[in-house]
Structure formats: structure tokens, C-alpha cells
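Protein chains in written order, with my numbering: chain H, 2 to 394; chain F, 107 to 255.
Do not rely on the hints blindly, as some may be mistaken.
As the list claims (entries may be wrong) - When the alpha-carbon atoms are kept at most 27 Å apart in a straight line, the in silico DSSO-like pairs for lysine-lysine are as follows:
#: 1; chain 1: H; residue 1: Lys162; chain 2: F; residue 2: Lys228
#: 2; chain 1: H; residue 1: Lys130; chain 2: F; residue 2: Lys228
#: 3; chain 1: F; residue 1: Lys177; chain 2: H; residue 2: Lys23
Derived by calculation from the structure, the hints in this document are not laboratory data.
All of these numbers come straight from a predicted model, not from anything done at the bench.
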Amino acid sequence: MAKTIVPIGPYHPLQEEPEFFKLTVEGERVVAIDVHVGYNHRGIEKISEMKTFDQSVYTVERICGICSTSHPFACVQAVEDIILMEVPDRAKYIRTIIAEGERIHSHLLWLGLAGHFLGYNTVFMWAWKLREEILDVMEILSGNRNNYAMFTPGGVRRDIKAEDIPVVLKKVDSILPTLDMLKKAVMDDPVLHARTKGVGILTRDEAISFSALGPTARASGVAKDVRKDAPYAAYDQVDWKMIVTQNGDVFDKLAIRVLETFESVKIMKYCLTHLPGGEIKERIKNIPPGEGIGTHEAPRGEVFHYVRSDGTNRPVRHKIRAPTYMNLPTYKATIIGETISDATIILAAIDPCYCCTERLAVRDMKGKKLFNGEDLVRLSQEKTMQLKKKMGF
Amino acid sequence: MSLKLTALLKSPWVFHLSTGSCNNCDIEIIDCLTPRFDIERFGMLLAGSIKHADVLLVTGSANRKCIPRIKRVYEQMPKPCFVVAIGECALSRGMFIHSYNCPVPIDHILPVDAYIPGCPPKPEAIIAGAVKLIEKVKNGTAKKAKNEK
Ligand code: SF4
Numbered sequence: 002m003a004k005t006i007v008p009i010g011p012y013h014p015l016q017e018e019p020e021f022f023k024l025t026v027e028g029e030r031v032v033a034i035d036v037h038v039g040y041n042h043r044g045i046e047k048i049s050e051m052k053t054f055d056q057s058v059y060t061v062e063r064i065c066g067i068c069s070t071s072h073p074f075a076c077v078q079a080v081e082d083i084i085l086m087e088v089p090d091r092a093k094y095i096r097t098i099i100a101e102g103e104r105i106h107s108h109l110l111w112l113g114l115a116g117h118f119l120g121y122n123t124v125f126m127w128a129w130k131l132r133e134e135i136l137d138v139m140e141i142l143s144g145n146r147n148n149y150a151m152f153t154p155g156g157v158r159r160d161i162k163a164e165d166i167p168v169v170l171k172k173v174d175s176i177l178p179t180l181d182m183l184k185k186a187v188m189d190d191p192v193l194h195a196r197t198k199g200v201g202i203l204t205r206d207e208a209i210s211f212s213a214l215g216p217t218a219r220a221s222g223v224a225k226d227v228r229k230d231a232p233y234a235a236y237d238q239v240d241w242k243m244i245v246t247q248n249g250d251v252f253d254k255l256a257i258r259v260l261e262t263f264e265s266v267k268i269m270k271y272c273l274t275h276l277p278g279g280e281i282k283e284r285i286k287n288i289p290p291g292e293g294i295g296t297h298e299a300p301r302g303e304v305f306h307y308v309r310s311d312g313t314n315r316p317v318r319h320k321i322r323a324p325t326y327m328n329l330p331t332y333k334a335t336i337i338g339e340t341i342s343d344a345t346i347i348l349a350a351i352d353p354c355y356c357c358t359e360r361l362a363v364r365d366m367k368g369k370k371l372f373n374g375e376d377l378v379r380l381s382q383e384k385t386m387q388l389k390k391k392m393g394f
Numbered sequence: 107m108s109l110k111l112t113a114l115l116k117s118p119w120v121f122h123l124s125t126g127s128c129n130n131c132d133i134e135i136i137d138c139l140t141p142r143f144d145i146e147r148f149g150m151l152l153a154g155s156i157k158h159a160d161v162l163l164v165t166g167s168a169n170r171k172c173i174p175r176i177k178r179v180y181e182q183m184p185k186p187c188f189v190v191a192i193g194e195c196a197l198s199r200g201m202f203i204h205s206y207n208c209p210v211p212i213d214h215i216l217p218v219d220a221y222i223p224g225c226p227p228k229p230e231a232i233i234a235g236a237v238k239l240i241e242k243v244k245n246g247t248a249k250k251a252k253n254e255k
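Next comes chain F alone, as it looks inside the complex:
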């Protein structure tokens, strides 16, 4: 594992990107930071700017107005970085699959490393997903993961 990755995993800073979600997923992410769930235990912190972030948490069903902006945000992110899709909307567009304004799911736009399903996923699920991602990167199985399962 490179030095950069080691440093990143010690304290991954997250940036949260809402791409036309219903707010619930976003609120559950912020919930993770509050006293009951306290994701800071794992060194995670919500970054105010994408340029400070290591992990991009994407929620929502990527509408047409957002897609170019999602790409731009991703380009501005310092690499290496990870992308986590949170919620049914981001995974598969959920119930917005027939919408005229949501053409593709998130993983057609960005390389997604972890998927956390749920509508909305509970904060526990988000934390479990984040921890799993860290473990996977540590074991060096992050890339292989998709083929294994």
C-alpha cells in the first residue's frame, strides 16, 4: 500500500454530494456525525471543500442538470480517492427509474467503490459500509471485490 493510501485510511475525510436526492440520505449521513453514531471514531470528518476530501459520498439519482457538475467535482478531487454510492437512488435510481430527468445511475458517471443500499440506509449501515471499504482497501482486495461476489 502506498504512503498516500496509508495516510488516507488513517483518517478519511468525506465530502457529501447530493445529486437530486430526497434529503433523507443526506440527513442520515449528517446523522452519522452526531453524538449517537459519531463516525469520527473512525477518523472520518465531513470536509467543507472537495479539495480536502478523500471519499466522495454520492446520494440521489443524478439528474441531467447535475451530471456535468458531478464530473467536475470528481475531477477536482485529489487522487487517490474513493466513491461511495449511498441509497437506492444512487445505486439504481430506485423509484425514479422512469423519470425523464434521471438518465443513468451514478456508477455510469463515476467509478463507484462501495454501494450502500437502503431508502434511506440507516446510519449503522452507512458506518458498516464505510468500515468495510476501509478494511477492503487495507487488505488490498478493493479492486478484486467486484469479481469475488
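Bound-form chain H, shown alone:
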């Protein structure tokens, strides 16, 4: 059968970010996929190196609006790892509260979009309406709906006031009935079952070999969560469950996100009621030379930050790896052989975040040629040779 190429993007109504999918189809079946990214590349790693350690936290906040806690979280942990310091308990709890609030709003956001992609706009409207309540909570806690700017190396910037806690708890409680209804509506809906069950399956072996992360991996039966595997902040002091399902299809990815929302509500409520007293921030005098890593389980999977310091007040290298970077190649396993009508939801199922992913893009002035890894190695070797010559080695 003749092959046809279906281009999607870079500007298309499917996702709010620009990215380009090249789907090769035979009849209705997808036989190959190619993903082009780079429409979001802003050179954040480089910008971060121009800023001081304090400022770079707010820089990485702007990597992605939905993960605007995840990146700062990993970044401050990397900086703290250089100094080998412990942050005060109160700061740990506040960090956990903010991170879980973000997870709730991110999962609801995805759920709404998934409903929208399936042509089920009721779910879209319900989920986003519910999300507003959580954004209100975040506004009370941090002063902003997104880009919370709560994190700083050594602790947090804003305290949670005692009089805010009952208000927040009441708000969080008030979303539970609606969330429950939404869960039932999603999990028992025959239309959603028909559209998502057995679609875009990622098997356990594939998930492991692609190094999938976050809900994408957990839906395929890989129990992987930084919050459990290497607990940080207050996650080891709270009793919560890691949700793992076995089928790896779109429905499981959907179910995981819905169920995780309940766990996040649980963690948030526990932290709010057991908030310890004390300082919220420890002053950092100077940052010694050295390197540090920080990880955080973002709503989409593990975020990884690496920061190197040379003893000045700026990082000399700041490397970021976002979860979508690892989850993106799983398309190769999930979308091939499916019909083009299911492609939208499969492409959306990993909850891709391209702003997070696009760390490196090199091209010539016409925007055509992309260097691959080997070219970069070769270029850096050439550069080293040149430098050696210059310096007379």
C-alpha cells in the first residue's frame, strides 16, 4: 500500500506548544513517526550560567509553566548538594506542600486536555474548573497562580501563615467530592474505555528499555518514583501510596494520574496539619567549588539538575534533564500500528512538555542542519586542539 506522510504542526490545535510530528501512514495505520523539536529552545542553561545562584532558581522556573515548582525544586537541591546542607524542617514541609499542589493542578490540566483531545469537552471543562480551586490555594500560599517563586537555596522564601491553613484545608477538602465524581465519570465511562483501553500500549520491557519515567513508566508496571526511591523533603515522613498499574495503555496512564491526584491531596493535607515550627530558611554564606545534583519527581517524571560551582556566586555549568526527554522516544513503541484517529491521544498520553525538553539545538543559519552527538564530540575535540595550539601546549 502506498505510504502517505501526515504532517502535524508545528502550529496545530492539538497541543499548546509548537512541535512537529511527521506521521507516515499506510491507509489508516501509522507505520513510522518522526518528531522534530526545537521550537521552544531559549538557551536557559546558558542564561542560568549568567545569573547568580539565587537568580538561577527563578530562571529555571520559567523553563515550563506547568512544572514551575519541579525545576526550582531540583535546582535548589543541587545547590544544597554542593554545600552538603540540610534545610530546616518547616521549609521541607512547605516545599512538599507546594510541589504536591502543583502535581494536582498539572494532572487535572492533563486530564482536561485528554478529554478535549478525545472530543469529550465536558471532562475538559470540569477538570479545568476544578483546577481553578487549586490555583486559588496556590495563590493564597505563594501569592501567584503560577510561577510561585517560593524556592530559594537554603529553604523557602515565604512562610505559610497560621491563619491561612484552615482556609486552605477547607478549599482542598471542597475539591474532593468533585474530584471523586470526576474519577467515577472518567473510570466508568464506556466511551472513554472504548477510546483508551488497549490503545497505545507500552509494555513493561519497552518502558524499561526506553527508560521511561513518571506516570508513563508506572502505567507499564515499573514502580519508579523518586519520592519513594530516594526520599527528599518531607516525603519520607508522610504515608502515601505509589500508584502502579500493569497494562501500559492510555487508559492506565489516565487512571494513574487521576488516582495520584488523591494521593497528592493526602500528602498536602498531612503536611498542612503537621507543619513543624522553626525557621523557613537557612542563610548560605558562600558556595564552595564543587558539583551537586538534585532530583525531583515532577508530575511527568524525574527532573534532574546538575550544578557545578567554582567558588564564585554563579554556576559555571547548569545541566537540566526533563522527564519528557526520556518519555518522548516511547512514541516509537506506542504509536506504530495504531490508527491515525488514535494518534492524538497517544501523542498526548505521556503528557509531553516540550518547553522542558528543548535544551540543545544546533543548526546552520538556514535552520536546516542539526548536528548529532558525534558531530558535537568532534567539534569539541577540534576546539580543544585549537585552544591547545593557541596556548602553546
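Go by the hints and put chain F with the ligand onto chain H.
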């Protein structure tokens, strides 16, 4: 006001163009469509294709890979049309001003009619901006606006 403009203002359909933003501005735009803010009150609807749109909402700090595509999208838009820049990134590139990949702000690429500042602007601000633009066009002061203030 021409017939076309009258029809356009009755129900302006918007298309949203992300040019390397951090997603927050885009999400706040979509937030405007959801029940709490419900921008459909003003007849605004998110169009799936640029060829159906009257207003272009631009977010993000226009990176080098996007710039030719932004121009192409704008060319495909039926005229008359309006361009609204949303967020600090689109206005002035905000904190990406020193980036090697964001050479110019949006208004060097497209003729921008309204600017909505904020990082990200709240949905209320986006709605207020949209309403102001409509009012301005209705009063025929849209072009003069820049000189007045
Ligand atoms: S203005 Fe702020 S919120 Fe909007 S895209 Fe830029 S960094 Fe993100």
C-alpha cells in the same frame, strides 16, 4: 467602520501562537475559555486553524526557529486582523533578553495592536486587554492609541 470590521468585532475568533514560551501564558489563555472566566461571553472562540481566526494571540520570546514560521502564519491570516502580544516574553523577551536564541521581540516581527504584560498575565488581565482592544477598534482609535499614550 467597514462591514468586515463590524462582523469581526461581533465575535472575534482567536488563534493562539506559542513562539517558545514557557507554557504558562498559553495555559492562562486556555483558562480564559473555561467556566470560571468564560471569554465566550464576548463572542470569543478559540479557532483550530489560523485561516478561521481574526485575532492572533502571540506568546513567548520568538526563537530563531520560530520566526520564519510566525511570519508565514501571519501571512495566512485573513485580513483585517489584530495581533495581541501576551506576556513579558512576547513584549520584551523578559528574562530571555540575553538569550542567544531570541534575537528580537515580537513587535519587530509582527504589527502588534495590543500588549498584555505579566508573567503570566492573569486571565482577568487577558480578558481586560481583549475588551479594551475591541472598544478601541469600535471608537476608531486603535491606530492613534500609540501616539496618545
Ligand atoms: S511571560 Fe512568563 S509566563 Fe509567559 S511565557 Fe514568558 S516566562 Fe512564561
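Verification of the hints:
Under the criterion of a C-alpha separation no larger than 27 Å, the hint pairing Lys162/H with Lys228/F is consistent with the structure, at around 24 Å. Restraint check for Lys130/H and Lys228/F: the C-alpha separation of about 15 Å stays at or below 27 Å, so the hint holds. Annotation: proposed proximity of Lys177/F to Lys23/H holds, straight-line Cα distance about 22 Å (limit 27 Å).
The structure agrees with every numbered hint stated previously.
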